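Just so you know, the sequences run in chain order A and B. Under this note's numbering, the residue at position 210 of the first sequence is numbered 210, and the numbers go up by one with no gaps. Under this note's numbering, the residue at position 30 of the second sequence is numbered 30, and the numbers go up by one with no gaps.
Calculated from the structure, these hints are not laboratory results. Because the structure is a prediction, the values reported are computed rather than measured. Please note: incorrect hints may appear among the correct ones.
Quick list of in silico lysine-lysine cross-link-like pairs, DSS-like style, CA-CA up to 30 Å [to be verified]:
no. : chain 1 : residue 1 : chain 2 : residue 2
1   : B       : Lys-292   : A       : Lys-350
2   : B       : Lys-292   : A       : Lys-292
3   : B       : Lys-179   : B       : Lys-350
Protein chains: 2
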Amino acid sequence: MEHYYAVIMAGGGGTRLWPLSRQDRPKQLLKLLGERTLFQIAVDRLAPLFPPENILVVTSAAYASAMRQQRPALPEDNFVVEPAPRGTAPAIGLAALQVRRRDPSGIMACLTADHFIRDEARFRDLLAAAAQTAQQDYLVTLGIAPTFPATGFGYVQRGDALGTFSVFEVFRAQRFKEKPALPEAEAMLADGAHAWNSGMFVWRVERILAEFARQMPDLHQQLTAIEADWASLAEVWQGVPTTTIDYGIMEGAENVAVIPAKDLGWSDVGSWESLLEVLAPDEAGNVVIGGKHLAVATTGALIHAARQGPRRLVATIGVSDLVIVDTEDVLLVCPRERAQEVRALVEQLKQRPDGEQYL
Amino acid sequence: MEHYYAVIMAGGGGTRLWPLSRQDRPKQLLKLLGERTLFQIAVDRLAPLFPPENILVVTSAAYASAMRQQRPALPEDNFVVEPAPRGTAPAIGLAALQVRRRDPSGIMACLTADHFIRDEARFRDLLAAAAQTAQQDYLVTLGIAPTFPATGFGYVQRGDALGTFSVFEVFRAQRFKEKPALPEAEAMLADGAHAWNSGMFVWRVERILAEFARQMPDLHQQLTAIEADWASLAEVWQGVPTTTIDYGIMEGAENVAVIPAKDLGWSDVGSWESLLEVLAPDEAGNVVIGGKHLAVATTGALIHAARQGPRRLVATIGVSDLVIVDTEDVLLVCPRERAQEVRALVEQLKQRPDGEQYL
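Model the full assembly from the supplied sequences, consistent with the hints where possible.
Spelled out as C-alpha cells, the structure:
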C-alpha cells in the first residue's frame, strides 16, 4: 500500500508477566507464545502489508540493541530510539518526523509491539480500512469490540456511522473514556456503543503533526528542534514531559474515527490469565507453551515452560484453573483468577535484600 | 555398646517420590530434606551408638557405588552387596553372616535407609532398649505407636508386658497383621493394642540364623554355601527366592517382642504428603526444602526445590495444601491429598515414547 508506514511502539516495560518479564526483558522481547517473541510476531504480521523499509520501530535506549538483534531484517535506520521513555505522545511525535522525512504524504499506523492478535489476516484488513479512513483526514482509533466489562482498558464511544470499508464499519468517535469502574464498564458493554481503545492509531503524518502543533505546542516546538538537528535529541528530550497520546491529542481532537474490530482474537496480554482467554486450549482444556505436559485430572491450566526448553516436563495431578510459569530461576504457581497479583510478589521482591536478581 | 551391630538395609527402589526419585536414584540416595541424603542421615544418626566398623550396609549392585560415594567413612568391607534384590529375608541373612564373622556373640539391628526420624536421640534409646531385650533371646520388632488408621503399613499386636527398658515398655508380640483394610485399621488404632511394624528388627545373630535354619531351611543352606565360599555368591543368589523377613520368619517365630515407640517423629516417607506430616512448617504453615519461597496467601504447601539449588525461587499466590516438587527436568504440582497419584504419572510415562528419560 503506497505511502503507508507502520510504526511499532516498543518502548514499554512492566512486570505484569513476571517472572518471565523482567526489568531488562520486557514483554515484547519475550517468547511468550513459544517460538518467537511478541516483537518478532508484531513485525511478522505486518510483512504482507508493509515492505521492511516502511516498518519503523520506536523504542527506548534500554531495549534498542535487543530489538535490533531480534529483527535484523529491518533497516538499521528504521529503529527510532528515545533517549528515555516519555509516554506515547512524544514517541509518536518522534516517529512522525521520521515518517515525514521519508514521505510527506505518508500515512502512519501506530501499532503495539506486545499485543497478541490471533487473526492476523483480519488485522491487516483492519489496517487497510483504517488507512482508507485516514486518507479522508480522520484520526483513526482501532477499537476492539468488548467481550467482557474490562476495567483495565480505556473505551471509545462511537457516534455517527461514517461508512464501511471492506467488512469494517467506521464510526465517528464521540468520546474517549479512561479506565472505568466496573458498573460503568458493564453499562458500556451492554449499550453496544463502546469499543475498547486498543492504543493503536492510524493517521496522515501531516494531520497528526498539525494536531501536535495545535494541542501540544511545546512538544511540537521540541520536535521541530529535533527535526532540524537530530544531534540535539538527547538534550531536547530531557525537557519533554511524559504524556500519552490519548490524553495529549485524542481526547481534544476533532474528526476522530473509531473502527470497532470484532473477532480479531486480540489481547493486550496484560496478565497470565489473559493468555488463557485467547489461546486455544488442548483437548484437556489446558494451554501449554513450551515444554511438555503430563497430567492426571488437570483442566483450565496455563503452563508456560518455554524458557526452560523442550525437555522440561511439567506434571500435574488434580489441579484446575492454575497458572504455572517456569523460568530458569523462578517458578510461579497461582490460580488463574489471582494471576494479577504477581504485582504483590514483585513488590515483595523489591523489599528483599536478595530480590533484585529476580526482578 | 559391645557386640552391637547396625545393618542398614538400603537396597530398595521405587518411584513413590517421583520426580525426585528415579530408577537409578532411589529414595535413600536423595537429598530429600535438603542437605544430606536419607542414607547419609540414616548413618549419621547411628554414629553416637555404633563405631563405623560396626555399621554395615546391605544394598544391591545397582546402588552400591553411589552408596560408597556418599559414605566414605564406613569401611569398604562393610558394604554387603546383593547381586540382585531378593527381599528382606535374604538380605538380612546375608548381613547376618557378615555380623557373625565379626562377632559370633553379635546383636544386629536391621534398620532402614530411607525413613525419616525426627527425634534421633530417642531412636538411639529405643535401639539400646531393643538390644537389651534381644540379649534375652527375643526377636525384637521396633513398633511405631500409630497416629492414624494407616492402610499402608503392617501392624503388630502386643501381648503380655515383658518389662521396661529406659522409657520403653516391651511386650510380647502376639500377632503380625499385613496391611489392613480401613475398618480394620481403624479398629486397631482404637484398641490401643497394636503398633505399626516399622520393618526394623533387633536380635542376636545366632538367634536369627537359627530361625532361618528352622523356618527357611533352603535359604539357610544357601547362606551356608555362601559363607563357605563368598565367590559363589552370584551363582547361589540366582536360586534364592524373593521373601520378606515378616513372612519368612517373623510370623512363624516364637519369643517375638515388640517395643511400640511413641513420639519418634517417624515416617516412612512413602509419599510427598508424608513429609508434610513430619516436618515442622514455617510461620506461614508451609514446608520448604531447598530453594527460596516467595508467597502471597499460601499455606499448607510442600515445596521441594533442593535439586535446582539455593538460587531457585518458588513463588506462590493463593494456593493451599499444594505439593510442588521442582527438579532439573521435571516439575510436579498436585494437591497434597493426591500426592499418592504420582504412580499414575509414572505409569503414563512408561507408555510414552519419550517417557524413559524421566523415570
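Hints, one by one, checked against the model:
1. Lys-292(B) <-> Lys-350(A): Judged against 30 Å, a Cα distance of about 15 Å means the pair holds.
2. Lys-292(B) <-> Lys-292(A): holds (25 Å)
3. Lys-179(B) <-> Lys-350(B): holds (27 Å)
Checked against the numbered hints listed earlier, the structure breaks none of them; every hint is satisfied.
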